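Chains as they are written, first to last, in UniProt numbering: chain A, 1 to 259; chain B, 1 to 240; chain C, 1 to 257.
Think of the hints as simulated: they come from the structure by calculation, not from any bench.
Please read all numbers here as calculations on a predicted model, not as lab measurements.
One thing to keep in mind: the hints can contain errors.
Computed far set for chain A versus chain B, every beta-carbon distance over 12 Å [said to hold, decoys possible]: (1) L12; (2) D42; (3) I241.
Cβ-to-Cβ under 10 Å is the rule here; a few derived chain B residues that face chain A [said to hold, decoys possible]: (4) G128; (5) T176; (6) S219; (7) L224; (8) L229.
Restricting the straight-line Cα-Cα distance to at most 30 Å, the calculated cross-link-like pairs of lysine-lysine (DSS-like) are [what the hints assert, rightly or not]: (9) K227(B) with K52(B); (10) K197(C) with K130(C); (11) K197(C) with K104(C); (12) K197(C) with K116(C); (13) K202(B) with K116(C); (14) K94(C) with K104(C); (15) K154(A) with K227(B); (16) K227(B) with K150(B); (17) K197(C) with K94(C); (18) K197(C) with K202(B); (19) K52(B) with K202(B); (20) K94(C) with K202(B).
Yeah, the Cβ is synthetic: ideal placement off N, Cα and C, and Gly gets one too.
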Amino acid sequence: MAERRLPPHRLLLIAVAVLAITLIALHMRWGWLVDYRDAILDGLWLTLVLLVTTSAAGLLLAIPLGLVQVTGPRPLAWLAQGFCTLIRGTPLLLQIWLLYYGLGSLFPYLPGMRQSWLWPYLIESWPYAFAALTLSFAGYEGEVMRGGFAGVPKGELEAARALGMHPLTILRRIWLPRAVQRVLPTLNGELIIQLKATPLVATIAAVDTYAVFGRIRQETYMVYEPLLLMALIYLVLAGLITLACAALERGWSDDSGSR
Amino acid sequence: MNYRDMSMGELLALAPPGWGGALLDGLWLSLQVAGGGYLLGLVIGMAGAAGKLSGGPVIRDLLACYTTGIRAVPELVLILLLYFAVPEALNRVSAMIGLGEVSIGPFASGIAVIALVQGAYATEVMRGAIRAIPRGQIEAAHSLGMSPAKTFRRITLPAMLPGALPGLSNLWLIATKDTALLAVVGFTELTLAARQAAGATKHHLLFLCAAGVLYLLVSLVSNLFFKALERRATRGMPHG
Amino acid sequence: MKRVLTATLTTLCLASVAQADVTRVGFATEPYPPFATPDAGGELHGWEVDITRAICEAAGLECELVTTSWDGLIPALTGDKIDVIAASLSITDKRRETIAFSDKYYQTPAALAVAKGTEMEATREGLAGKSLGVQSASIHQAYAQAHYPEATLRQYQTQDEANQDLFAGRLDATLADRLIIEQFLESREGQLCCEMKGAVIQDPETLGEGIGFGIRQGDDALRERLNAAIAEVRADGTYDEITARYFDFDIYGEPDT
């Protein structure tokens with residue numbers, strides 16, 4: 001990559017980009033960055049934590065959701081399919097509000113609630129954010145996993161069965177790894193979509209990156225600067241996800257190749 | 001207004017004090033914005049795909065920046081940028097050249113955001129579909145003396161449609177759901193209408209669920225429609 | 001459209017906006033009863049609208065009322081799209097870095113709403129360890145950060161959402177303008193769940209020095225005219241007469257020092 005010479009037009013484009021960034025850096029006001037550095041870092045942390053935990057949990061949920069649709073008993077398959085349709089057919093913002101404000105409006109009428117061990121969690125906003133984002137990721141990824149499981153060549157599974165492998169062993173050693181391998185290329189896009197979904201939690205009083213920049217915007221009355229920086233932060237995060245996914249895909253295929 | 005003692009039917013009634021009419025108005029607004037944004041996005045996608053496939057190197061690089069950038073930045077951030085920053089920038093420019101104020105209403109901004117996001121995804125979907133057309137078909141059209149416009153209309157478009165339809169139907173569903181984000185900037189589409197109804201009546205579960213059912217209906221009906229369209233487009237193809 | 005065009009051209013040609021014949025006064029689009037709410041036809045009503053009209057008349061200004069989203073008001077002012085902000089904007093030093101203010105024309109205290117039967121003082125110690133809901137980027141958020149550092153602060157997009165969470169039991173208290181709190185407590189949910197916990201200790205630095213008109217920095221002529229007009233309507237009884245239509249007490253607050 002580094003050896004390849006850059007074509008002249010690309011040099012020009014890069015020069016224009018550098019010039020634009022320099023102008024932005026010099027001519028806009030960035031003094032507020034000092035005051036809000038800690039707040040931005042805190043928000044960034046919540047965004048990252050939400051992204052990583054909800055995608056991991058969602059992926060774990062997606063495996064049974066996909067598997068059941070391919071091989072499970074009818075009622076279970078219908079249930080899983082209905083769940084995926086429900087999640088994919090309604091906006092995430094609505095799901096988040098339904099969980100947070102919808103459930104919340106019931107609390108005053110359930111007198112036992114406040115004494116239960118769950119109450120300390122129910123009054124926070126992050127459990128709702130976590131639940132909504134996890135369910136959403138599971139709904140979308142469950143559909144992808146279904147395709148992944150269904151796409152594994154029948155012959156491989158039959159061969160394993162002919163060797164007398166236990167069905168669970170087949171799932172663990174052959175079916176699941178092969179399905180995950182087929183699904184990996186789509187993971188990059190799904191993770192970026194999940195990253196782009198995290199700002200919605202700002203609407204239920206969780207303070208993520210988006211919420212912090214919303215506060216900055218309202219407190220400093222600047223229009224462009226905070227928005228541009230926020231867009232840049234999400235761009236960089238999306239870039240990092242792409243790099244991580246590329247590394248993961250390489251690692252996974254090396255791994256299964258050496259076995 | 002005492003909403004506490006009203007039955008579910010009364011709350012969802014179409015005429016005030018019921019909020020059913022407000023929800024349907026919101027749905028109609030959502031569909032208008034989604035439809036406008038989707039169609040405009042298709043035009044952008046078509047132009048983008050053409051540019052990526054047969055444009056010069058500069059155009060290709062710029063388009064790559066557009067599709068990667070738009071697809072990486074959260075829609076919510078893009079909406080804010082278009083809602084607040086772009087109108088002000090436009091006004092500054094137009095004031096500089098003495099044209100007066102340009103006012104971009106929430107409706108136009110909403111359509112613009114959806115179109116920009118849809119355009120980025122549609123570019124990729126259409127590029128993939130066009131590239132899947134055997135080169136020879138287009139070359140044959142050229143050698144028969146068809147003009148580029150005619151080639152596009154008679155050969156490229158019908159040949160790419162089966163490949164593009166699944167992606168495009170998915171994009172339409174994304175468009176309808178993305179309109180919900182406009183709620184955050186105070187645009188009274190379906191989600192915000194439901195939120196307002198919930199806030200006024202304190203029946204949060206009822207109205208948010210009602211909105212969910214409406215969205216679900218839209219997505220189910222759209223699915224049926226696109227399935228039928230796909231069947232039509234793939235008529236006579238080996239793997240219908 | 002044409003009038004907007006001429007207005008813009010006029011402002012462009014004449015360097016000083018105070019010289020322009022029409023003064024554009026910006027209100028927030030979001031309803032803020034009982035101060036300014038648009039009706040179905042887009043016409044503004046409320047105490048602040050009436051008082052602004054009276055002040056314009058006293059100042060001999062020809063005012064045109066326009067609405068912009070709350071977020072967009074200060075950018076609109078600095079961007080020359082409006083000349084005056086009349087949107088219950090609190091006078092704070094932070095905002096003074098960007099814009100200038102007239103003298104105050106009303107001032108209401110902040111108050112806490114808490115769940116019924118809560119034993120709590122509206123002090124730093126009283127709120128230690130409690131969860132407190134405020135509207136994001138409001139003066140009340142600034143106040144809570146400065147005065148209740150041991151409270152867990154939760155920021156909401158609107159005060160209505162904070163009130164909703166107080167009702168749901170997720171918050172121990174919300175801090176807001178006293179008039180807004182009173183309105184919530186009069187609702188059915190408010191009556192069920194919550195009560196007012198007196199006014200909080202006054203602090204001009206965060207709570208501001210009252211509500212004033214926002215104007216561009218350096219627009220001194222306009223500021224002087226507005227200040228004189230505010231003093232005039234206060235003195236000649238117009239202010240009290242308008243206030244009596246909406247409130248049963250004087251909302252001007254402490255006289256200026």
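Item to check | Broken hints, by number | outcome: 1, 3, 4, 7, 8, 19, 20
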